[in-house]
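Q: One letter stands for each residue in the lines below.
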Amino acid sequence: MATVRIPTPLRKYTQGAEEVQINAGTVRELIENLETAHPGIRERICDDKGAVRRFVNVFVGEEDIRFLDNLDTAVKDSDEVSIVPAIAGGTTTTS
Amino acid sequence: MADAVAQRTDTPPPAAVQLARTTRTAIRVDCILDLIGNTPLVRLGTIDRDCPAVEIWAKCEFANPGGSVKDRAAKRIITDALARGDLDNGVRLVDSTSGNTGIAYSLVGAALGLPISLVMPSNVSNPRKQVTAGFGTEIIFSDPMEGSDGAIVIARELAEANPDKYYYPNQYANDSNWRAHYDGTGPEILAQTNGRVTHFVTGIGTSGTIMGTARFLHDHDPSIQCIGVQPDDAMHGLEGLKHIPSSLVPPIYDESVLDDTIWMSTEVGWDMAERIASDEGLFVGHSAGGNVAAALHVARGLVEQGKRGVVVTVLCDRGDRYFAPLTWEKHYVW
Chain A
991 MATVRIPTPL
1001 RKYTQGAEEV
1011 QINAGTVREL
1021 IENLETAHPG
1031 IRERICDDKG
1041 AVRRFVNVFV
1051 GEEDIRFLDN
1061 LDTAVKDSDE
1071 VSIVPAIAGG
1081 TTTTS
Chain B
66 MADAVAQRTD
76 TPPPAAVQLA
86 RTTRTAIRVD
96 CILDLIGNTP
106 LVRLGTIDRD
116 CPAVEIWAKC
126 EFANPGGSVK
136 DRAAKRIITD
146 ALARGDLDNG
156 VRLVDSTSGN
166 TGIAYSLVGA
176 ALGLPISLVM
186 PSNVSNPRKQ
196 VTAGFGTEII
206 FSDPMEGSDG
216 AIVIARELAE
226 ANPDKYYYPN
236 QYANDSNWRA
246 HYDGTGPEIL
256 AQTNGRVTHF
266 VTGIGTSGTI
276 MGTARFLHDH
286 DPSIQCIGVQ
296 PDDAMHGLEG
306 LKHIPSSLVP
316 PIYDESVLDD
326 TIWMSTEVGW
336 DMAERIASDE
346 GLFVGHSAGG
356 NVAAALHVAR
366 GLVEQGKRGV
376 VVTVLCDRGD
386 RYFAPLTWEK
396 HYVW
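Just so you know, the protein sequences line up as chains A and B, in that order.
Here my numbering runs 990 ahead of the position in the first sequence, where the first position is 1.
Here my numbering runs 65 ahead of the position in the second sequence, where the first position is 1.
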């Protein structure tokens, strides 16, 4: 299973977990399975057409999926996938 | 056709007339810090066109020498710290920043010969890292997954562990931050609108701009409506703004100062930033887009109520601060 790094503002969906393990062959599957495991999280990452929101960056390893195959980017079990807001300001919970 | 040619030769074209009328005398100063503040106020005359009887005006904070509204707070924070002796004996100023404040501190520090250290999440844009480094500032990176609050924690720990080496001004808790706007932005808006301002609308980051400006405007006339703008979700892309319900609340933030809060979606703010560029000729950042979108929301509300209004908002910085490498240049070294 791939390791998914969850940014602070989305940890309310993962019961506070900074990382979760998700089974997936592509980023699209990974987001679907992330939603199944943690309902509500997909809407924060993707818009209503299913595309990754403009201000959200998804990295497989060190590479932004926009520079790879976007949602069709392959994910291996050994991969670390990071979801990172495109900004640095005001994204952290106090809890 | 002949008439048109004759007109061009006999009288200056309209654009030249306009230029001659608006050309201002350029000021001369002894120090770059004297150019901070006193920013122009510009009418957003295309955006407010569908709001009859309501004017939208914007403070051009990108015209500060460091390129953003943060120059005001940084100058005041550092000059107040100097006056107290907090920066004596080679003590370095260390603070957390998502970018603009870092550039502002770096500019003021360089101009006054003071050493500056900044903690910033490593996912801030490369140009920002390099601008601050260009001023001779030391940069310490924090975890991008921890956001701006992770940077705050590291800056605080550094200062606590090395009080002889670091002074931590903490822009989120420093009264000099909002006082810069009480003494600057507020009086400027009042003067530039000839006292006609009815609404002030701006985003909340540290909350310094809204706290200081709103307090000044309310002291002058409590009926002036001062409205804060926050991202509508913890996961947002309005850089520089804070979603207070899910954030460390800045100690200088006092909700009771505000008359209202507008919750802004990232997409609406980003779209407005593009519209301000294409319709007004102002290429501004996303937080400015959010501010203007909120100002337009207020203006439309006034129109619905059949009221007049002079709505003032803030263009925090320019859009070129947010350039990211595109696909074909992703390995380009900035």
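Honestly, the hints are just simulated from the structure, not real lab data.
Note that CB positions come from ideal geometry on N, CA and C, so glycine has one too.
Hints are supplied without guarantee of correctness; some may be wrong.
[What the hints assert, rightly or not] Beyond 10 Å from chain B on every Cβ pair, some chain A residues (computed):
id, residue
1, Thr1026
2, Asp1037
3, Asp1069
4, Ser1072
[Unchecked claim] Covered by chain B, according to a simulated footprint, are these stretches of chain A (three or more residues, beta-carbon under 8 Å):
id, segment
5, 1008-1020
6, 1057-1063
[Unchecked claim] With the Cβ distance kept under 8 Å, some of the chain A side facing chain B (calculated, not the full set):
id, residue
7, Arg1032
8, Lys1066
9, Val1074
10, Pro1075
11, Ala1076
Q: Does each hint hold? Answer for all of them.
A: Cross-check of the supplied hints:
no.: 1; hint: Thr1026; in the structure: 19 Å, holds
no.: 2; hint: Asp1037; in the structure: 8 Å, violated
no.: 3; hint: Asp1069; in the structure: 16 Å, holds
no.: 4; hint: Ser1072; in the structure: 7 Å, violated
no.: 5; hint: 1008-1020; in the structure: violated (count 1)
no.: 6; hint: 1057-1063; in the structure: violated (count 1)
no.: 7; hint: Arg1032; in the structure: 12 Å, violated
no.: 8; hint: Lys1066; in the structure: 21 Å, violated
no.: 9; hint: Val1074; in the structure: 6 Å, holds
no.: 10; hint: Pro1075; in the structure: 6 Å, holds
no.: 11; hint: Ala1076; in the structure: 5 Å, holds
Violated hints, listed in ascending order, are 2, 4, 5, 6, 7, 8; each of the other numbered hints is respected by the structure.
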